[in-house]
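As given, the protein sequences belong to chains A and B, one line each in that order.
Sequential numbering of the first sequence, starting at 1, is according to my numbering.
Sequential numbering of the second sequence, starting at 1, is according to my numbering.
Bear in mind the hints are in silico, worked out from the structure with no lab data behind them.
Hints may contain errors.
Pairwise CB distance ranges, derived in the manner of DEER restraints [unchecked claim]: (1) A:Arg369 with B:Ser67: 41 to 49 Å; (2) B:Ala80 with A:Tyr285: 33 to 41 Å; (3) A:Lys243 with B:Ala80: 26 to 34 Å; (4) B:Asp171 with A:Pro297: 42 to 50 Å; (5) A:Gly343 with B:Ala80: 48 to 56 Å; (6) B:Arg78 with A:Gly234: 41 to 49 Å; (7) A:Asp342 with B:Val132: 48 to 56 Å; (8) A:Gly127 with B:Asn155: 54 to 62 Å; (9) B:Asn155 with A:Asp318: 38 to 46 Å; (10) A:Pro141 with B:Ala99: 55 to 63 Å; (11) B:Ala64 with A:Glu220: 24 to 32 Å; (12) A:Asp318 with B:Arg151: 39 to 47 Å; (13) B:Arg151 with A:Phe363: 38 to 46 Å; (14) B:Lys128 with A:Gly321: 20 to 28 Å.
Partial list, derived from the structure: chain B residues whose beta carbon lies under 10 Å from chain A [stated by the list, open to error]: (15) Asp73; (16) Ala123; (17) Lys128; (18) Ser144; (19) Tyr145; (20) Glu148.
Derived coverage of chain A by chain B (criterion: at least 3 residues anywhere in the stretch with Cβ under 8 Å from a Cβ of chain B; other residues may be distant) [said to hold, decoys possible]: (21) 201 to 214; (22) 254 to 268.
All of these numbers come straight from a predicted model, not from anything done at the bench.
Virtual Cβ for every residue (Gly too), placed ideally from N, Cα, C.
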Amino acid sequence: MSMTIPTPWRRWLSGLVFAAVALVARAEMTVEIVGGDAGRLPIAVVPFKDEASRVREALTPTVKGDLGFTGVFRLLPTDGVANLPFAPGEIRHADWQAAGAKYLAVGRVEPASGGQVRIRFELVEVGSRRQLTQGEFTVGPERARDVAHTIADMIYEAVTGQRGVFNTRIAYVMKSGRDYLLQIADVDGGRPQTVLRSKEPIISPAWSPDGSRLAYVSFETRKPVVWVQNLATGARRAVGNFKGSNSAPAWSPDGTRLALTLTTSGNSQIYVMNADGGSPRRVAYSDAIDTEPTWTPDGASLLFVSDRSGGPQIYRVDAGGGTPQRLTWQGSYNVSPKVSPDGRRFTYIRKEGARFRVMLQEFGSSDARVLSDAAYNERPSFAPNGQMVLYASDEGRKSVLYAAHPESGQRIRLGTVDGDVQDPAWGPFNTP
Amino acid sequence: MNWKTSLIGLSIVAALAACSSTKPADAGAAAAGSGATIVDGSGAGGAGGAGALDPLKDPNSPLAKRSVYFDFDSSALRDADKATVSAHAGYLAGRPEQAVQIQGNTDARGSREYNLALGQRRAEAVKKSLQVLGVKESQVEAVSYGKEKPRATGNSEADHAENRRADIVYDGR
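So here's chain A without its partners, still in its complex pose (with noise of 0.2 Å):
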């Protein structure tokens, strides 16, 4: 039995644009994984058959990279291995249970009508023989790296139940010489494409709910402006451009509005404005700086920052205005919040002494855990399954991404071949 491409990803896969995308940059970023395999499910993605001929991107060391970023996979060696399984009934269960594999992933690549290719997929629990999850796809061979990660997110779904986010994209700032690049790549870095490049400072890229808008900061003429670009079509504009500096964008989550901080008022102060421009309306009062908006998931609140009782604190207040509220009371500096997809908790930077920690915070509750180790952090913000935290990390000359698995307390490091990568931001669930 075979089963096509589930709609949404069959919408997505022939209705990829990137038409607009000015060009493409040399400088890729390799996947690295670092911490311990304790608690990690046990599975092993034997290399497709005629995946090497019949594709131009091998299929399997992209599945295999996208669940071992994920935390939730330890990815057993298949080579040396004799007699490699194709399909389920090849499948020999007494040898890979003694290998340790609870999970194991088989399939092969035919050729197609067109010039296409048909792959082919199973995946099988090891010893009970049970089929959890199949699929078939019959695309041109350049495709090959979709499919990759459409099969990664269905072995992810299948195990844990959770929606896999590898078909979901992360946009971040690049500096390269002189240059600054406002970049988006696939989750695991690959495929990187450059939207803006510019010789002034670019910051704080947001993505709209529906994936199709970067909000960011661009200093090109001369101070900070909030511009909003479509990525289908590259055309963008200057949503706020009022007198004084304009920042720290965040979509509504229905990708109408967006909470921006602007200093007209003279100091900076949280507003509220459509995405398409207009007025702006003010959403709270201090004499302080209130900067950092970003909403809850169900469009009510905002939290922000703001220095009202001397040092960075995080406050969330009602959109429509009000009397904000103060979430943190640990630590003399935190900043940069972020709210799950799911409500329920916040992520941040909190100063501890010279070190910047990426933290975890359930609302209600005061206590935070720290996800990051390093000494000097920048940004999280989570993946739309709320089951991982992208931030930047200082490592000495430049910064580097990593994406920390609050469940296992794991964190893979993106590493950059070349350049300096900072203000990442994951994208949502491709709906385009």
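Following the hints, position chain B against chain A.
Here is chain B on its own, set in the frame of chain A:
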């Protein structure tokens, strides 16, 4: 305080100078050696235009100083920088059409956006001082580069101190 008194004097001189000339003269070649003794920021145009040195281009003018510095986590003007601010106030008060941008900066530690706001607070402090000294609100834009454009890229305390700064920028210079 003698600081305030001298400022008032400067503002008046600036206002008078502005009456005789609507715009600062160009610093032409003829001015190169002639106008180097201007003592306040308001001298441009006082001699009737042609040949006079624009004090903005005079390296010996107090206006040549375009940066003011701040203590860690502070946006209070230091006494040592008040003469610089007053000189620019005098120049600007006499030229209501002259716009200026104040660019706040911070050291490299901490959140980019919070630092942007800290730099803004420094720029606003300079802007308010200029306004107190007679500069129109509409002439001055306070903006921030936060920690994005450090002048000193090292990690020493001296580097950090160099970056805790507001720059007074005329016409993009």
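Item to check | Structure-inconsistent hints, enumerated in ascending order | outcome: Going through the list in order, the structure violates no hint and respects every one.
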